[in-house]
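**Student:** Here is what each chain is made of, one letter per residue.
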Amino acid sequence: MTGIFFCTVKLLRKDLIIETRRAELTVMSLMSVIGLSIILSYGVWLAGISQSQKMELAPALSLSVLFMAALSVIGKFSEYDEKSGALDGLLVAKVSSDALYLARVAAIFLLTSIAAFASGLVLPTLLGLVPSLLLSWHGALVFCGVSLGLASVGATLAPIAVRVRAGSIFLLTLMLPLVIPLFFASCEILSGNPSTRDFWWTLLAALDAVYLAAGLWLHPHVVR
Amino acid sequence: MSVSAPTSQQLSVVNVAASVAGHKLFSQISFSVNSGVVLALYGGNGVGKTTLLRVLAGLHRDYTGNFSYSPGVTVGFASGSVSMLYEDLSLYENVELVSNTSFTPRLLSPALCDRPIKHFSSGERALAAFERMWVMQPTVILLDEITAHLDQKKRTALFEAVKAHAKRGGAAIFVSHEELPAYIVSARFVLTAAGLSGIEPGGSLA
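These protein sequence lines are chains Y and Z, in that order. In terms of this note's numbering, the first sequence opens at residue 1 and continues consecutively. In terms of this note's numbering, the second sequence opens at residue 1 and continues consecutively.
None of these hints come from the bench; they were simulated from the model. Note that the structure is a prediction, hence the values are computed from the model and not measured. Using N, Cα and C, we set each Cβ at its ideal position, and we do this for glycine too. Treat the hints loosely; a few may be bogus.
[As the list claims (entries may be wrong)] Computed, partial: chain Y to chain Z, Cβ under 10 angstroms: (1) Cys7; (2) Leu11; (3) Arg13; (4) Lys83; (5) Gly89; (6) Lys94.
[Said to hold, decoys possible] Which chain Y residues stay away from chain Z? Per the calculated CB distances, all over 12 angstroms, these: (7) Ile39; (8) Gln53; (9) Ala60; (10) Ser64; (11) Pro181; (12) Asn193; (13) Ala205.
[To be verified] Quick list of in silico lysine-lysine cross-link-like pairs, DSS-like style, CA-CA up to 30 angstroms: (14) Y:Lys83 with Z:Lys118; (15) Z:Lys163 with Y:Lys94; (16) Y:Lys83 with Y:Lys94; (17) Z:Lys118 with Y:Lys10; (18) Y:Lys94 with Z:Lys167; (19) Z:Lys154 with Y:Lys94; (20) Y:Lys94 with Z:Lys118; (21) Y:Lys10 with Y:Lys94; (22) Z:Lys118 with Y:Lys76; (23) Z:Lys118 with Z:Lys154; (24) Y:Lys83 with Z:Lys167; (25) Z:Lys24 with Y:Lys83; (26) Y:Lys10 with Y:Lys83.
Can you build the whole structure from these sequences, using the hints too?
**Tutor:** This is the structure we're talking about:
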């Protein structure tokens, strides 16, 4: 267990060092967040929606931006692994598959969290609202829950997608049915009926747990 | 093919045939490798030499037949064409990912090992792949066109390292397009679509 933990930390550190040097995925996700936020806020402005309606819509719009930004970059980690056969190098060296998976989940989680923070900040600001989601504990927790779910699913499916033609479309097709429940649950928590909020919290936590456990189980088969 | 060496068997391959994308590369082949042996595997382009090594390294699953390593045997794989290293990391950082032991390069200069792999030449990448494999201290080493981009001095140093490895009881399989020097090779064979052939003294078909 300790071995897997240290191995996971080493692999996560590797992903962070590479991202620090390339700054590719962070920039891509932030550009996606900004671009999508501008388009959505322009659409809201064109629709002439009132301030109170904007406040109701803001969480769902922020989450939409987060999902799209995350989906656009999740596969890139695996593309990089495939380049030069770096993942094969780790597999030949008998690096733990669990550690590989957990490190990748952690790396995607961190990247998605940055996108979540940006989407919680940029879109409400463009809509002329206070970015209240970032200031409330349950808003931050929902973003964490969503990021974890996206990371778990993405880390499982991305290694498959990089080996097929039109991999990014394939990844999107595989991921959508799995991440849509996350989207609904998080939207309901943030702007749905308060009396049903417990149910949606439970669903979000259960989905995260199931996706993470399934990913741990499937990953050794997927990477080979 | 079984290699006639008076030492213990490290690898046994029985009726292995491999395919890539549904295309069958070679017929069922069988051979075994004992400790102290260095095999040279030749063959034309596309017959499946690299695929055979990838099967033996556990990286290619589209095969039939069986192969097994003796208990305690560890496997290393290094390629001259695909470094299997993270290009934005240095060799030291790449080694750190797979080993906790201190690393002293044997064939590359320590100063070079601090630079990202993406700045390496083709020959340096091949040596970096070899160094990273070497640090794991594998028993059986699988080398795919590892000498293709090396100058004569580096090539000799690599051959010496492999020879010393075999003398210590390890084993190696070289895949190559060029004739390897006789002083390190125990047996040579040619892979064709029909199977293995052309064994010279030091080995025989099973």
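**Student:** Does Lys24 (chain Z) pair with Lys83 (chain Y) here, judged by a C-alpha cut-off of 30 angstroms?
**Tutor:** 25 angstroms, holds
**Student:** Using 10 angstroms as the Cβ threshold, decide whether Cys7 (chain Y) counts as touching chain Z.
**Tutor:** At 9 angstroms from the nearest chain Z Cβ, Cys7 (chain Y) passes the 10 angstroms test, so the hint holds.
**Student:** Taking 30 angstroms as the top limit, are the C-alpha atoms of Lys163 (chain Z) and Lys94 (chain Y) close enough?
**Tutor:** This hinted pair holds, its Cα atoms lying about 25 angstroms apart.
**Student:** Is the Cα-Cα distance between Lys94 (chain Y) and Lys167 (chain Z) 30 angstroms or less?
**Tutor:** Distance ~25 angstroms between Lys94 (chain Y) and Lys167 (chain Z) Cα, so the pair holds.
**Student:** Check the hint pairing Lys10 (chain Y) with Lys83 (chain Y) against an upper bound of 30 angstroms on the C-alpha distance.
**Tutor:** OK: Lys10 (chain Y) and Lys83 (chain Y) at ~20 angstroms, within 30 angstroms.
**Student:** Please verify whether Lys83 (chain Y) and Lys167 (chain Z) have alpha carbons no more than 30 angstroms apart.
**Tutor:** 35 angstroms, violated
**Student:** So Ala205 (chain Y) supposedly isn't at the interface. Is its beta-carbon more than 12 angstroms from every beta-carbon in chain Z?
**Tutor:** 32 angstroms, holds
**Student:** Just want to verify: Ala60 (chain Y) was marked as not at the interface with chain Z; is every Cβ pair farther apart than 12 angstroms?
**Tutor:** 37 angstroms, holds
**Student:** For the pair supplied as a hint, Lys94 (chain Y) and Lys118 (chain Z), is the alpha-carbon distance within the 30 angstroms limit?
**Tutor:** 24 angstroms, holds
**Student:** Is the straight-line distance between the alpha-carbon of Lys118 (chain Z) and that of Lys154 (chain Z) 30 angstroms or less?
**Tutor:** 20 angstroms, holds
**Student:** When you check the alpha-carbon spacing of Lys83 (chain Y) and Lys94 (chain Y), does it fall within 30 angstroms?
**Tutor:** Since the Cα atoms of Lys83 (chain Y) and Lys94 (chain Y) sit roughly 19 angstroms apart, the hinted pair holds (cutoff 30 angstroms).
**Student:** Given Lys83 (chain Y) was flagged as interface, is its beta-carbon under 10 angstroms from a beta-carbon of chain Z?
**Tutor:** 7 angstroms, holds
Hint compliance for this structure: hint 24 is the single one not met.
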